[in-house]
Amino acid sequence: MQLEYCLLLAAALFGIGIYGLVTSRNAVRVLMSIELLFNAVNLNLMGFSNFLDPAGIKGQVFTVFVITVAAAEAAVGLAIILAIYRNRETIDMEQFNLLKW
Amino acid sequence: MSHFFSQTIWLVPCYALIGAILALPWSPGIIRQTGPRPAGYINMIMTLTGFIHSLLAISDTWKMPPQYLSFNWLHTSSLTISLDLEITAVNIGALLLITGLNFAAQTYAIGYLEMDWGWARFFSLMALFEAGMCSLVLCNSLFFSYVVLEILTLGTYLLIGYWFNQSLVVTGARDAFLTKRVGDLVLLMGVVALLPLAGTWNYTELAAWAKTAHLDPTVANLLCLALIAGPLGKCAQMPLHLWLDEAMEGPMPATILRNTIIVSTGAWVLIKLQPVLALSPTTLGVMTTIGSLTAILAGLIAIAQIDIKRSLSYTVSAYMGLIFIAVGTGQTQVALNLLLTYAIAMSVLIMSIGGIVLNNISQDLTQYGGLWSRRPISGICYLVGAASLVAFPPLGGFWSLIEMASNLAPSYPFLFGVLLVVNGLTTFSVTREFTLIFGGKPKPMTVRSPEGLWAVVLPMTIMMGFALHVPILLSQWNLLPAWETLDLTVVSELIISTVVGGGLAAFIYLNDGITKPIQLQPKALQDFFAYDLYTAQIYKVTIVFVVGLVSQLIAWFDRFIVDGVVNLVGLATVFSGQGLKYNVSGQTQSYVLTIVLGIALLGIALCYPLISFLH
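Protein sequence lines, in the order shown, are assigned to chains A and B.
Once you know that position 75 of the first sequence is 75 in the working numbering, the rest is easy, because the numbers rise by one and skip nothing.
Once you know that position 100 of the second sequence is 100 in the working numbering, the rest is easy, because the numbers rise by one and skip nothing.
It is worth saying that the hints were derived from the structure and are not from the lab.
Quick caveat, the model's predicted, so the values are computed rather than measured.
Misleading hints may appear alongside valid ones.
[What the hints assert, rightly or not] Among the chain B residues that face chain A by a calculated CB cut under 7 Å, a handful are:
no. : residue
1   : R559
2   : V566
3   : L568
4   : L580
5   : N583
6   : Q587
[Said to hold, decoys possible] Partial list, computed: chain B residues near chain A (C-beta under 8 Å):
no. : residue
7   : L56
8   : S59
9   : K63
10  : Q67
11  : G586
12  : I595
We put the beta carbon where it would ideally sit given N, CA and C, even for glycine.
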């Protein structure tokens, strides 16, 4: 168990999250991908906190904040999706292209 | 007071210029009520003033050393251009000739342009010509000679284009302007190139410089060839001779002035430049070659014409060719004499045929005949003019020509032969014209042909009187060659060529046994000369074609390549804007992808220098 593996795992998770964020057509899956990104960040924070700052563990405090904010963000995001769904009867990301040239 | 008139001789061009300006208010658009005639009268008074002034001045300068006047025209850092005037008996004599002939031509125009409304334009242009020629004769500076030559070129354009509603007039004026302009422009090259070499444009100083100058032969050749190009165009020499033929579309009184004096302006510059031209033997050779070719070919062309004005216009080219020969062989005095006798004789000839054309409408020689019994005055004037033009003793042309011939015969036998041939051809041509107009039987166009108005006949007879008096004047001025020094064989050969030419023409055209119109065998040869060696076609397929093609190419290049490159920049911007807007896909996710890619690339760019530390 090393810091590098931890970071690489977090980076891989971040990459998967980005992939899902960019390619998903379902808006809820986009939100889920964002959650993956947060989790990748949290893994990083935890890894650094455990390996580099075992005494202070400031990273763990940050992680708690991130989880809190992620929950709040998910709530707001789902509310936005619901608001859009009520107007447009769809959550397909490719239908939300009002700014197209 | 004794030199008052010669010191104020520079007023002579000013008189004419004032006349030119005063005539303009009688243009039909300005004074609408009274008709244009006062314009002519004012100009005649001004010309007469100039004539009298010159007459009074010539006695001041007679047998006196030349006087010089100089006005500063322009002074910049290292260049001073001064308007130098030279006052000698020769110059004032030329002024007399110019003002006198212009007065005659203007009187003639009073009669000839009786039915014309454009007097203001006509007379002010004639006055402009007079002013130009008087200043050309007076000025002693090559630079100002060039200035005046260009003004005269513009004047020629306007005067030939007098009746501009005729299409041939428009093309004729165009050709006259462009042809003379080309010569003048090459002359300008010579004038500009001369200043660094000689350091002056003053003719007197140029002559002094030329005596001691040591020029590289190539430089001298190029310089002198450029200097003769201007007179080449002005004097209607080959190959720049077509304009004079087409200039015959202009009004007849202007033709009098043009064919006698204006073509002589080039010769005047040439005579003035003779000391410089002598620096380059090649140029002298070119001059005599061009002069000989023009003289002989124009003599032949004149014979083949059926238009009476054009037949005389080629004789003008031929005589200017003789002047080229004279200057080319260093006989400036002979050239001046020839200009004098030629101008008077030619003016009588043109006035005579002008009177004929005025009352017979046609200019076609084949439509004429049998006018002698009804137009005796015109006939006699024509005869005197013709006889004074060629070597017919004892009239004026004879003396100039024998002087030239006796100078040529010992050292240039070939040129002497040319002179003989030209004299014979000219005699043939003027005799042919005389016999066709005055001899034979009346034809439909000439059945009723009254003598012209007094205003047409009077200047003609007065000029005839002058022509008759030229030998006496020459002997008074000691300009006649001494009879003892003349080679009598040369003289008799010249007379024989006159007699043969004139006799042959009279025999052919007065003989009813020979069918008219005469067909030469082969016909192609006759056409060759009748159509002026097809010069118009030659111009068209050579210089006009090349210039036209090049200008079309350049216009095409400008329109499509130069403009195209600039338009391409605009178009590229438009198309790139049109194309790149599709990057804004409207998909939030694609924006996110762009942001991520941007961050990733920025991160790579920032970290790139650190990659080497990884190991």
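Going down the list of hints, with the structure as the test:
no., hint, result
1, R559, "35 Å, violated"
2, V566, "28 Å, violated"
3, L568, "25 Å, violated"
4, L580, "10 Å, violated"
5, N583, "9 Å, violated"
6, Q587, "6 Å, holds"
7, L56, "93 Å, violated"
8, S59, "97 Å, violated"
9, K63, "99 Å, violated"
10, Q67, "89 Å, violated"
11, G586, "3 Å, holds"
12, I595, "10 Å, violated"
Going through the hint list in order, the structure does not satisfy hints 1, 2, 3, 4, 5, 7, 8, 9, 10 and 12.
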